[in-house]
Each structure stands twice: as C-alpha cells, then as structure tokens.
Amino acid sequence: VAGSGTDAGGVAGGGDRARAYRLFAEALNFEGEWREQFLTRECGDDPQLRAEVDALLLMATRDTSVTGNLFPR
Amino acid sequence: MTGSTESDSLGIAALLERWSKGERQAYDELLTHLYGDIHAIAVRQLHRERYLTIRPTALVHEVYLRLSELRQMQWQDRAHFLAMAARVTRQALVDEARRRRAEKRDGGRAVTLSDTNLGVSEAAYDALDVDTLLSELHQFDAVAADIVSLRVFGGLSIEEAAEVLKLSVATVNRRWVTGKAWLARELTREA
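Taken in sequence, the protein lines are chains A and B. Just so we're aligned: 2 in our numbering is position 2 of the first sequence, and the numbers increase by one with no gaps anywhere. One gets our numbering by counting positions in the second sequence from 1 and adding 1000 to each.
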C-alpha cells in the first residue's frame, strides 16, 4: 500500500484533478461558514476549481445509489 | 463480507498455513469456507452489468484458478486472503471487459447502467473504466484507491479493509468517503 509522497493531509499533489481532490478532502474538515471561507480562500478566482470541489462535496453527501450497486452499503 | 467469528478466522489462518506448505486439500477446504464470500462478490460485481457474458459461477471458478496460483504467498490471515481475492476478481473482470471491448470493434461500450438518481439518462461504465479510474486515483491518494478497490472488488467491510491496510477504522472511513466520492464523480461525469 502506497502512502509515500503525500502532503500533511495524506494526499499527494499534482494536476488539476488532484488539486480539486485535495481541497475537497480538506474541506470535509470544515462545516458551514468555515467551509465556505476555506473554499473561497483556496479556490480564489478559479471558478472551475471551485465547481469541481463543490461537485465532489455533493457526491460525498449523496446516497451511493447514484452509481447503482457499485459500492457496498 | 462480515460476520465471521473468531474461530472461523483461526480456522482459515490454519488452512492458509497448511496450503502455503503445499497441502492442496487445505486450499479446497479454504475455498469451501470462503465460497459464500467469493460468490457474493461475483454476484454483486456482475449484477450491475446489463450484458452478461460471464456468469457468477464462472467468475468464481476463474478467481479460484487464479488464487490457486498464489500458493507460495506468505498468507497472513483471512483478511489478507480476501484482499487478494479482491485483487484477483478485479483483474478477472478487467480482462473480461477488455475481451468484450475487443469484440465490439464499433467502439461502443459493452456495459451500461441506468442512473436515474442523477437525472442522467444513462451512465455507462464497466470494470475496465473503474480500474482505470482507480489507477488514476492511486497516483494522488493511494490509500483511498486501495480502500475503494478492496470495498468495490472484494466487498470488504470498513473494518476488514482497516485490518488489511493496517490503518485505523477512522482513517479508512475518512478515505473511503473521499475515494468513493471521487470515483462516483468521475463515473457520472458528463462528457
């Protein structure tokens, strides 16, 4: 199991998708206004990045049936 | 894939040890013990595929054959065996998806999955898509990719995945949430 080459949050950097994923994972540590402030600060004036992070956050709160029975309950 | 008792685990560990020492019968006994687990993996994996070209029993047989080649491995415990079963199942399904795609030279995808909950008329993916995405995820969160693979292809519980990966249950829970969300996002991303 790889775990090397990661930052303090345990997620390696590099690439737009990786960046969005890292911010998404970090954003889960915040709620409400704190999360909004975090995302505003980190995404700045990059609406595409913000949209991608928001999409991931939405997925994290959705019922996993969105992908059929791919995931175990 | 939960519900095993401690005595079950001890018995399986003993069978693994006997098998690694060359007792073919131990492997047969092992598979008898774990048949339900492996068959459940196969049924769940194949259930979502609309165009079945492989049946659960055939997949189980394929997994048996592939696992039997791993006798020399230093088996640790039931969780380790199930983790390998997950890896072997993943590879068997990917190979099957590749074969199916090769047959469909028109470029169409062989497996489709209706996904009404997203408001998307139809999402389409197969084991090869999932495998490719997990490989990508592995590049920036290897732990999450491993957890998702164990859960999706092996049906391991959070606790079993934690045992296999030598991580806390809390960590596995957290990375399962992020890895699963990322995979779901990519699988349902509109072109």
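Among the clues, some could well be false.
Simulated restraints, written as ranges between beta carbons of each label pair [stated by the list, open to error]:
#	chain 1	residue 1	chain 2	residue 2	range
1	A	G44	B	S1068	50 to 60 Å
2	B	R1189	A	R35	20 to 30 Å
3	B	S1020	A	R35	21 to 31 Å
A partial selection of chain B residues facing chain A, derived with a Cβ cut-off under 8 Å [as the list claims (entries may be wrong)]:
#	residue
4	W1075
5	D1077
6	N1173
7	V1177
8	A1181
9	W1182
10	A1184
11	R1185
These stretches of chain A come out as covered by chain B in the derived footprint (C-beta under 8 Å, 3 or more residues) [to be verified]:
#	segment
12	16–29
13	56–62
Hints were generated in silico from the structure; no laboratory data involved. Bear in mind the structure is a predicted one, so any value in this text is a computation, not a measurement. No residue lacks a Cβ here, since even glycine has one placed at the ideal position from N, Cα and C.
Okay, which hints does this one fail, numbers in order? Result: hints 3, 4, 5 and 6 break, sorted rising.
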